[in-house]
Amino acid sequence: MRVHVADHPLITHKLTVLRDVDTPSPVFRSLVHELMTLLAYEGTRNVRVEPVDIVTPVAPTTGVRIADPKPLIVPILRAGLGMLDGMVTLLPSAEVGFLGMARNEETLEPTTYAERLPDDLSDRQCFVLDPMLATGGSLAAAIHFLLDRGATDVTAICILAAPEGLRAVEESVQGREVTIVVGAVDERLNENGYIVPGLGDAGDRLYGTV
7 MRVHVADHPL
17 ITHKLTVLRD
27 VDTPSPVFRS
37 LVHELMTLLA
47 YEGTRNVRVE
57 PVDIVTPVAP
67 TTGVRIADPK
77 PLIVPILRAG
87 LGMLDGMVTL
97 LPSAEVGFLG
107 MARNEETLEP
117 TTYAERLPDD
127 LSDRQCFVLD
137 PMLATGGSLA
147 AAIHFLLDRG
157 ATDVTAICIL
167 AAPEGLRAVE
177 ESVQGREVTI
187 VVGAVDERLN
197 ENGYIVPGLG
207 DAGDRLYGTV
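Residue 216, in the numbering used here, is where the sequence shown stops; the numbers in between run on with no holes.
Just to be clear, a hint being listed does not mean it is correct.
Label pairs and their in silico Cβ distance ranges [stated by the list, open to error]:
#1 Ala108 - Thr62: 46 to 54 Å
#2 Glu177 - Val61: 49 to 57 Å
#3 Gly106 - Pro15: 31 to 39 Å
#4 Thr29 - Gln180: 32 to 40 Å
#5 Arg35 - Pro63: 23 to 31 Å
#6 Gln180 - Gly106: 20 to 28 Å
Hint data in this document are derived by calculation from the structure and do not stem from the laboratory.
Yeah, the Cβ is synthetic: ideal placement off N, Cα and C, and Gly gets one too.
Model the full assembly from the supplied sequences, consistent with the hints where possible.
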């Protein structure tokens, strides 16, 4: 498993505002969109392309285009939805699937309550969107869900991660083609499984519901 921390100054600046408890939901949503576009740039560094012949106003040339089969973007509901627009802005030719997962607040284990994905993901590149990599259970389960359907490599894009979550995912996906791109790796998890210092519950802050 590869981990890439996108520690660009603009990402760090936007993360600082995102973390602030006084940042209202509309600003929070806008910042997530902006951060996602920056993180998607890092996350798609190895997206597959194929050569294509074109004609410019001056001369013929050869460029590249996104290769088939098209990449699949998979936000983990519900908080991952807040990241989707930023990802699609950068990769509009990708297809989108959905995976609904929730964490049991007592056991901290993930449960899957909905999915809308192709049955066969053979030879597909998949990009999983999950803002907070905390215990790692939901993300690891989502990655295995995709690999079990034939995905050949999976990139997870997260705004924040805890060291415990990164270790848990690495242990779970041993030897598989998985990359995790994060905006920052925070200090630790608290006794309730939340990232410290973190930014709170991303879903609640995105949508203003508890």
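Structure-based check of each hint:
1. Ala108 - Thr62: 46 to 54 Å: Once the Cβ atoms are compared, 50 Å apart, the range 46 to 54 Å for Thr62 and Ala108 holds.
2. Glu177 - Val61: 49 to 57 Å: Taking Cβ atoms as reference, Glu177 and Val61 lie about 51 Å apart, which means the hint holds.
3. Gly106 - Pro15: 31 to 39 Å: Holds - the Cβ-Cβ distance for Gly106 and Pro15, about 35 Å, lies within 31 to 39 Å.
4. Thr29 - Gln180: 32 to 40 Å: 38 Å Cβ-Cβ, so the 32 to 40 Å window holds.
5. Arg35 - Pro63: 23 to 31 Å: With a Cβ separation near 40 Å, Arg35 and Pro63 fall outside 23 to 31 Å, so the hint is violated.
6. Gln180 - Gly106: 20 to 28 Å: holds (26 Å)
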